[in-house]
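J.: Could you slot chain B onto chain A? The hints should help.
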Amino acid sequence: MDKGTVLYGVDPLILLDHYEIDYHHSYAQDSPFFVGLTKGQLLGSRCTVCGYTYATPRAHCMGCGAATSWLALPLSGLVHTFTTCHYGGEAFLKETPFTLILVEFDGADTLFLSRLKGIRPDAVRIGLPVIARFAKAPAFKVTDVWFEPADQA
Amino acid sequence: MRPVYMVSGGITKFAKAHPEKDFRLMVKEAYDYTLHDVPRLSKDMIDGAVGSYFSDHFTRQLKAASMVQDYLGLCPKPSKRVEGGGATGGLCFQSAWEAVASGRMNCCLAFGFETMSRVNTWKGNEFIALASDTNFDFPVGGFYSGYYAMMVQRHMYEFGTTVEQMAMVSVKNHANALHNPYAQKAKRLTIKQVRESPMVATPLTMEDICTMSDGAAVCLLASEELAGKVCARPVKITGVGSGSDAMRMADRPHGKVILLPHERESDYSHLKYPGVHSFRGGRMAAKLAYEMAGIRDPLEELSFVELHDAYTSSEIQTYEDLGLCRYGEGGRFVESGIPFLPGLDYGLELPKQGQFPVNPSGGLLACGHPVGATGLMQAVFAFWQLQGTIGQHLHDEKLQVRNAKRGLIHSHAGTGTYITASILEAT
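The listed protein sequences derive, respectively, from chains A and B.
With the numbering used here, letter number 8 in the first sequence gets 8, and the count goes up by one each step, no holes.
Each number in the numbering used here corresponds to the 1-based position in the second sequence with 1000 added.
Looking at chain A on its own, in the form it has when it is part of the complex (with noise of 0.2 Å):
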């Protein structure tokens, strides 16, 4: 719809310049990991060859280069570090504060980043169990899981 040209100031002349864009976005090789996540599946990545394991999908290993198989990560872990962010990003803004968190899990080398909920920001520590949750309606996205504190289990 032409709303007609928006000015905010005349001299220097500055006017509101619109954009807006829809893609076709594919997660190609990194599909599994969200469809696993509809299935109440963590999915990382193991290297066939020299066995490092990584918390996230990776269809070939960092290391030695070689192809990586799917391996279920536990759906229990520790919070390696974390913040609450009050302010954030404009599509965030309206969900502050919210807490990250990036969890490390027995058998993996590498950590995931997510969200922490169910719990207030001052007791957030580094070591504390915490257990995956995942979205009943999914939206085929990375927040389609979430971590509480596993004594609220």
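Please note that the accuracy of each hint is not assured.
Computed list of lysine-lysine pairs in BS3-like fashion (alpha-carbon distance at most 25 Å, straight line) [claimed, not checked]:
1) A:LYS136 to A:LYS117
2) A:LYS3 to B:LYS1123
3) B:LYS1123 to A:LYS141
4) B:LYS1077 to B:LYS1043
5) B:LYS1043 to B:LYS1187
6) A:LYS39 to A:LYS117
7) B:LYS1080 to B:LYS1043
8) A:LYS136 to A:LYS94
9) A:LYS94 to B:LYS1123
Which stretches of chain A does chain B cover? Using the computed rule of at least three CB atoms under 8 Å from a CB of chain B, they are [stated by the list, open to error]:
10) 8-16
11) 65-76
12) 129-137
No wet-lab data here; the hints were simulated from the structure.
Even glycine gets a Cβ: it sits at the ideal position worked out from N, Cα and C.
T.: Frame of chain A, contents of chain B only:
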């Protein structure tokens, strides 16, 4: 490779917004200043240019460097754009160095700019967060201050770094900038004021974090022969290094420290490296630059550092990556007063004040961070330090590091995904 010299530089005043100037005019101002400082160099001696800007989202103009090239009247000379997130300026500087070192050019212009004021701060934060993995990191609440906050929480856990030590970096850099007319946000602060400013992402407050800016910066690099002809005090670039790391912070390894010549493996027998508390790309950049420049102990052999302090925490992390202190000692390093300037009153008890100035200009925290210009701004400040011309260019002698012989500039992208270190020496 042949020796490369910096012969001139220029910076626009960094500001929240410059609506009266587009990016072409901002670069033109810095460029005119640069040429004015070397009157014996004429435009026809410039063989080509490398342009630096970070974000097509902020600019909404692809190939914007071509528009600068024609605005400066440099067509049809060689031109290209370099992009590497926050390290864009540092990468641009090294790209211009490569052009001269290889013999392809005798004189190469490096120009950089960013116009971040065209969207609101929170949209700007979103644009910057698009420089993290858009499938796995951005959708979770992608926010660079959040990523850095998670890194420093782990740094605090591993090494006992405190929020007060971080606040001291903010006090230092904002106070230094009181003597730098190019800076966007100079002010006197106390540790208490830094901690009481609004919390952004625990434990980082507004005063722990740099702002968005509009600005431009320009460097002119030349061969030895040309530098000798046009510049009374050229500065030699004696070392360049760069490094990288995995885009997703979560994917970083927990292995062994990359050692510098003055360190031993036994210093770090229990440290899992880099994890999320350190930047191995920064350590790699420093190691390569030190090797090229023949530096074995940076704290002894450098006079000052201008480093990428987008966050107070990343300044502390970077002291360690650059080997100014050991891993884990960054908090105590700033607390000792070593990286402050001598002769300035910071309102702090600083037993070793002024032994090794870090960010005498005020850094990103106080100067601002117009991304594509930032790494080149550091080069210009370092150039003036090594020429001994800070007083002439800033109209204030206070920030001049006495007997500055050799300086390091450090430019840093993402959560440590591209990092450059370049070493400049007085001649």
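J.: Are the hints correct? Go through all of them and say.
T.: Evaluated hints:
1. A:LYS136 to A:LYS117: holds, 16 Å
2. A:LYS3 to B:LYS1123: Given pair A:LYS3, B:LYS1123 holds - Cα atoms ~22 Å apart, limit 25 Å.
3. B:LYS1123 to A:LYS141: holds, 21 Å
4. B:LYS1077 to B:LYS1043: At roughly 11 Å apart (the allowed maximum being 25 Å), B:LYS1043 and B:LYS1077 satisfy the hint.
5. B:LYS1043 to B:LYS1187: Given that 25 Å is the threshold and the Cα spacing comes to 39 Å, the pair is violated.
6. A:LYS39 to A:LYS117: holds, 20 Å
7. B:LYS1080 to B:LYS1043: holds, 18 Å
8. A:LYS136 to A:LYS94: holds, 22 Å
9. A:LYS94 to B:LYS1123: holds, 13 Å
10. 8-16: n = 3 at 8 Å, threshold three: holds.
11. 65-76: With 0 residues closer than 8 Å to chain B, the region 65-76 of chain A misses the three-residue bar; violated.
12. 129-137: Per the Cβ count (0), the hint is violated.
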